[in-house]
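2 protein chains.
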Amino acid sequence: MASFFPASLENLIDGFASLPGIGRKSAQRLAFYILSLPEGEAEAFARSVLEARERVHTCPVCQNLTEDELCPICSSPNRDRSVVCVVSEPRDVLSIERSREFKGLYHVLHGAISPMNRVGPDDLRIKELLTRVAGGEIREVIMATNPDAEGDATAMYISRLLKPLEIRVTRLGFGVPVGSNLEYADDATLLRALEGRREM
Amino acid sequence: MASFFPASLENLIDGFASLPGIGRKSAQRLAFYILSLPEGEAEAFARSVLEARERVHTCPVCQNLTEDELCPICSSPNRDRSVVCVVSEPRDVLSIERSREFKGLYHVLHGAISPMNRVGPDDLRIKELLTRVAGGEIREVIMATNPDAEGDATAMYISRLLKPLEIRVTRLGFGVPVGSNLEYADDATLLRALEGRREM
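So the protein sequences, as listed, match chains A and B. Residues in the first sequence are numbered consecutively from 1, following the working numbering. Residues in the second sequence are numbered consecutively from 1, following the working numbering.
If you are wondering where the hints come from, they were derived from the structure by calculation, not from laboratory data. If you're wondering where the values come from, they're calculated on a predicted model, not measured in any experiment. Beta carbons: idealized from backbone N, C-alpha and C, even for Gly. Take these hints with a grain of salt, some might be off.
What the hints assert, rightly or not - Capping the alpha-carbon separation at 20 angstroms, the derived lysine to aspartate or glutamate pairs in DMTMM-like fashion look like this:
1) B/Lys-25 x B/Glu-39
2) B/Lys-25 x A/Glu-140
3) A/Lys-25 x B/Glu-97
4) B/Lys-25 x A/Glu-97
5) A/Lys-25 x B/Asp-92
6) B/Lys-163 x B/Asp-186
7) B/Lys-25 x A/Asp-92
8) B/Lys-127 x B/Asp-152
9) A/Lys-25 x B/Asp-152
Stated by the list, open to error - To be clear about the criterion: a stretch of chain A counts as covered by chain B if any three or more of its residues have a C-beta under 8 angstroms from a C-beta of chain B, and this derived list gives those stretches:
10) 49 to 63
11) 144 to 150
12) 167 to 178
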């Protein structure tokens, strides 16, 4: 009874089930939902899959996702080209942009070093970062990978490669989040907050 | 910053986020996954959406989903055409088939009466069931809607419509599940199990 539903429906269920975090039951629910959509909406969804694949590529400078030749940040005349903020994922660029503080450029690694998940330095866009820095325009690289074991290891690995190039390499400051409550801060964060204490 | 990602990627994220049970964050994760798929796989997924929509329709007799003119069960010469098992959803047919006990035909309502969700009798395939029964071949209708408030209400509603037609109308037996432990049976199930007790 493996193929109890019509073949094309089974195929659609298989498609959804192959996506990360979607189990068999959810895949069934999603497939039935697709069948229940009004004329045109399922077609629009399928088209959005194809168009995203067709149009989105990585920016040759910062490796962020873009539809243009260069991404909007790399092609903007208003950004400081001497500072580069290194992040793991395209969504991290969004987080940093929200702070409205950073005016430099980005470099997206597309992952973090993780021996557990078999992600090594060669799987990330590190070569491309070194090439950029070798260009000579960059004075500072801010490592803004996640404050977890993998992000820390990635930041450490890259900073060792960059140090000999005689540029400033910094790491995002860690500490208790603004507006939060000390009571709920975890030990590791408090430790980092104490280490990172400043004169007042 | 609503459209921070490239337009076609935002569009794909919107598409996933419009599916039931998928939030904004999951939609982002799924969209990035689609972009990371090897050549051809994203296309295959998009095609599976289109093909399922194109090929799958409801069987004109039992209303189950099928790609053929009649569904395999309705077109089988080995099924007892005098007994019809009424279920809410196509997946329920699969559950009953797994028991290998039932040899009759099905009727899929595509839902259950639920005033809360604004699903009334006219939203279900009840008319089609009455037409089938009026055909005269059917002797018994087994109501196999879910053993919950909505399923019970639906079974009750339909049985009232069928009774005047002088056929047997039965409801699936309720009780403690085989292989389960009494300790974990809920009160409502135990009540139904006592009501449905049999001589031994």
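When the structure is checked against the list of hints, which entries are broken? Sort them ascending. Checked against the structure, the hints that fail are numbers 1, 2, 6, 9, 11 and 12, while the rest are satisfied.
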